[in-house]
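> Each chain, written out:
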Amino acid sequence: MGDAEIIPIGTRGKPGRGTGKQPSSAARGLAPKARTTPRKPPTSTTEPAAATAAGADGATGPVEAAPATGGHDVVSTAPVVSAATTRERHPLRNIPTSAWLSAFQQAAMEVFGEQWEPRLAHFLAFLRRRVTGDYVVDEYGFDAEITQRFFMAALRPIAQQWFRIEVRGIDNIPTEGGALVVSNHSGTIPVDGLMTMVTIHDQTGRHLRALGADLVFKMPVISQLARKGGATLACNEDAERMLRGGELVGVWPEGFKGIGKPYSQRYKLQRFGRGGFVSAALRTGVPIVPLAVVGAEEIYPLVGNIPALARLIGIPYIPITPLFPLLGPLGLVPLPSKWLLEFGEPIRTDEYEPGAAEDPMLVFDVTDQVRETIQQTLYSLLMQRTSVFK
Amino acid sequence: MAGGDKVVLVTGVSRDLGRRCARAIAEDPSVRRVIGVDVTPPRGDIGDVSFVRADIRNPVIAKVIAKEDVDTVVHMSVIATPGSSGGRTTMKELNVIGTMQLLAACQKAPSVTDLVVKSTTTVYGASSRDPAMFTEDMNPRGAPRTGYAKDVAEIESYVRGFARRRSDVRVTMLRCANVIGPHVVSPLMSYFRLPVIPTVLGFDARLQFLHEDDLRSLIQHAVAHEVPGTFNVAGDGILMLSQAVRRLQRPAVRLPGFAVGSLGSALRSARVADFSPEQKSFLTYGRGVDTTQMRQVLGFEPRFTTAEAFADFASGLPPTGGRTDRVLAGVADRLPSTPAVTAAGPDRPAAGPALSVAPSPGPSTTTRRGESRG
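Order-wise, the sequence lines are chains Y and L. Here the working numbering is used: position 105 in the first sequence is 105, and no number is missing along the way. Here the working numbering is used: position 82 in the second sequence is 82, and no number is missing along the way.
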């Protein structure tokens, strides 16, 4: 390309349209007279910010920042500039520390209220404890601090405002000692378990220790959260250990059969497993508190399933609700049904003789008794309910 | 070495833990003589322990037992690190064949009345279907197929077989949780010594530790108090892996499970850390063991809790992270009042001087500002 003709583009720095010729007189008139006027003395341009700071201080009176920039206020000879002149300066340079401090204090007051200093100190101490790992978990991995401060706080508005949970018979939960709360299970994903946990914690101050399925502890993130929130694997060893330790244990014996049943079968209790929860209660002699939850069936009405895909992924079902795959993530918002939780009379298990847990007939009988109690409570609650959403 | 009459044979004294345990046994008044056995001589001071260079993988060990009239055998030679012994094959041979030979020798020796085996809680495995706390009568949810866990499972079954055949011998099997301490060399310790600790994304393992000093006194206790049976031994309490990493003040990098596996094999080939598949599942799901039997039947009380043992280990490691904590500490120091002085809070106008733009005369305020400037 040696023979290419070079066509000049632009004005080579001169004002004008770029034709390569002389700029128009109008363009020449717009250009500053840079060549003719001498530049300003460098003393005033090196510290423009300091000078203006001093000027601003002089205007508003003695400010706390003045000592910091001390020595500059003797520079009283501010450069003579025209009123329309602007200058480049760092945006943070000129705000005095006191302004930062007061802004911070006002923000802290806004967030933490009137007693913000101790509360902020407490909050910082909490953060430091978390960051340095200086907290205690129990043998199941239950982290009481994060559960109370974070999980419960996050779930409480959902329980109170979204589902407007109404509780009956909360006195049936013993205030101390081991007890086994047995509940129906529904709602496609186990929201009912979380809501029961937060409701029992708010009403009685006790943590409900949930027994979760194998799948819960196989899934990443979920398993971590479940252990931190106080759940453990639903096996006899753990159930008995927790009940012996005087914990309030929650169990959903229907499992995936209950939670993943189609909407047409709502409020029909499924088989109660093999009655393992009853034998655990019999061995430890703790009362069984039946719990009926009404409202959870309607949050994600399960109208379809993709069994082949579910088997491929290795999960029990892939839910199809009227909203879920259709609206994408928006379909994951549960419908705001009104919930009723009724705790039934505790069923005592300490009156049976010691070997009762080895008697399968007795275990089946007690299982049926619990199941019937919950089913009857469900029916009576449904009769009282006027509307799903009210 | 006082007036006692026990003659104790300790295997695996070339390694640090075995050597320390042998010395601890020698200090016990009921013990007359301690014989340490290993293929390589111990590196450190073995005190009153007399060392016999013998390989437990060949029948020479039977001659040692017969000649020295040994009555108590302490088997500590179950190793978890293939690197120190020269590969997985050697490790397996040392662990399994060594135990078989040792037990065969014990069976033939009429003088032997006590056998103490240091096993580990690794036999319980680690999986998502585990109960929270294993008791001694529980079995692993899935039988271990490879590595150290399988070795230990086989060793335990040989020991049980020995206990059946020589029912007159008192057999104590000690399933120790991960031994931790400044001197301990083990796969888990080299893992925690990494400058950046890889963890499995979305899982948080529950860990239990036993301090090396406690292991020493445990072996001493097991030799002195003749309690037969199998016992879980661990410090009190549970530490989550995330919590442990935070306490070390080291940064953690969370990787999905498969990436941790391949990183583990890369680290192993680089000889930085040993990261076997069972180690990975342990760091994913964790494990807890119930120590009620240890307290009530064996009568042993560890001096260190899990957290204290870990703190002792962590004190020797320089933190490589901990920036967030330092920032938070800095903020907490600059707060106008710490919780200690909030008692005098109400009478002092908290927001008053700072909210106004006028220069505040308080000396504390000016020093604080000076700090923040500096």
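Because the hints were derived from the structure by calculation, they are not lab data. Don't be surprised by glycine CBs; every beta carbon is placed ideally from N, CA and C. Do not take every clue at face value.
Said to hold, decoys possible - Computed from the model, here is a short list of chain L residues facing chain Y with C-beta under 8 Å:
id : residue
1  : 132
2  : 161
3  : 163
4  : 164
5  : 328
6  : 332
What the hints assert, rightly or not - Derived SDA-like pairs: lysine to any residue, alpha-carbon spacing no greater than 20 Å straight-line:
id : chain 1 : residue 1 : chain 2 : residue 2
7  : Y       : 257       : Y       : 157
8  : Y       : 268       : Y       : 373
9  : L       : 280       : Y       : 222
10 : Y       : 218       : L       : 92
11 : Y       : 218       : L       : 258
12 : L       : 280       : Y       : 220
13 : L       : 150       : L       : 194
14 : Y       : 218       : L       : 186
15 : Y       : 218       : L       : 254
16 : L       : 6         : L       : 39
17 : Y       : 218       : L       : 202
18 : L       : 63        : L       : 88
19 : L       : 280       : Y       : 312
20 : Y       : 218       : L       : 201
21 : L       : 280       : Y       : 373
22 : L       : 92        : L       : 143
23 : Y       : 218       : Y       : 312
24 : Y       : 218       : L       : 104
25 : L       : 63        : L       : 28
> If a hint holds in the structure, say so; if it doesn't, say that too.
Structure-based check of all given hints:
1. At its closest, the beta carbon of residue 132/L sits 5 Å from a beta carbon of chain Y; the interface hint therefore holds under the 8 Å criterion.
2. Annotation: residue 161/L was flagged as interfacial toward chain Y, and the flag is violated, the nearest CB pair being 27 Å apart, outside 8 Å.
3. Nearest Cβ of chain Y to the Cβ of residue 163/L: about 25 Å, over the 8 Å cut. The hint is violated.
4. At about 27 Å, the closest approach between the beta carbon of residue 164/L and any beta carbon in chain Y exceeds 8 Å, and the interface hint on this residue is violated.
5. Look at residue 328/L: its Cβ gets to within about 5 Å of chain Y, closer than 8 Å, so that hint holds up.
6. A hinted interface residue such as residue 332/L counts as satisfied when its beta carbon comes closer than 8 Å to some beta carbon of chain Y; here the least separation is about 5 Å, so the hint holds.
7. Among the hinted pairs, residue 257/Y with residue 157/Y is inconsistent with the structure: their alpha-carbon atoms are about 29 Å apart, more than 20 Å.
8. Of the supplied pair hints, the one linking residue 268/Y and residue 373/Y holds, its CA atoms being roughly 13 Å apart against a limit of 20 Å.
9. A threshold of 20 Å between alpha carbons decides the hint, and for residue 280/L with residue 222/Y the separation of about 19 Å falls inside it, so the pair holds.
10. Under the criterion of a C-alpha separation no larger than 20 Å, the hint pairing residue 218/Y with residue 92/L is inconsistent with the structure, at around 31 Å.
11. A C-alpha spacing of about 14 Å is found between residue 218/Y and residue 258/L, which places the hinted pair at or below 20 Å, so the restraint holds.
12. For the hint pairing residue 280/L with residue 220/Y, the CA-to-CA distance comes to about 14 Å; that is within 20 Å, so the pair holds.
13. For the hint linking residue 150/L to residue 194/L, the alpha-carbon distance of about 26 Å lies beyond 20 Å, and the restraint is violated.
14. This hinted pair does not check out: residue 218/Y and residue 186/L have alpha carbons roughly 27 Å apart, beyond 20 Å.
15. Using a Cα cut-off of 20 Å, the hinted pair residue 218/Y and residue 254/L holds, with the two alpha carbons roughly 17 Å apart.
16. Between residue 6/L and residue 39/L, the direct Cα distance comes to roughly 24 Å. Violation of the 20 Å bound is thereby established for this hinted pair.
17. Taken as a hint, the residue 218/Y and residue 202/L pair is honoured in the structure, with Cα atoms around 10 Å apart against an allowance of 20 Å.
18. Between the alpha carbons of residue 63/L and residue 88/L the distance comes to roughly 28 Å, so the proposed pair goes past 20 Å and is violated.
19. For the hint pairing residue 280/L with residue 312/Y, the CA-to-CA distance comes to about 25 Å; that exceeds 20 Å, so the pair is violated.
20. A distance of roughly 12 Å separates the Cα atoms of residue 218/Y and residue 201/L; the hinted pair therefore holds under the 20 Å criterion.
21. Restraint check for residue 280/L and residue 373/Y: not satisfied, since their Cα atoms lie roughly 46 Å apart, outside the 20 Å limit.
22. Straight-line distance between C-alpha atoms of residue 92/L and residue 143/L comes to about 17 Å, which keeps the hinted pair within the 20 Å bound.
23. Note on residue 218/Y and residue 312/Y: the hinted pairing holds, with a Cα-Cα distance of about 16 Å set against a maximum of 20 Å.
24. For the suggested pair residue 218/Y and residue 104/L, the alpha carbons sit about 42 Å apart, so the restraint of at most 20 Å is broken.
25. Between residue 63/L and residue 28/L the CA atoms are separated by roughly 25 Å; this puts the pair beyond 20 Å, and the hint is violated.
Consistency with the previously given hints fails for numbers 2, 3, 4, 7, 10, 13, 14, 16, 18, 19, 21, 24 and 25, ordered from lowest to highest.
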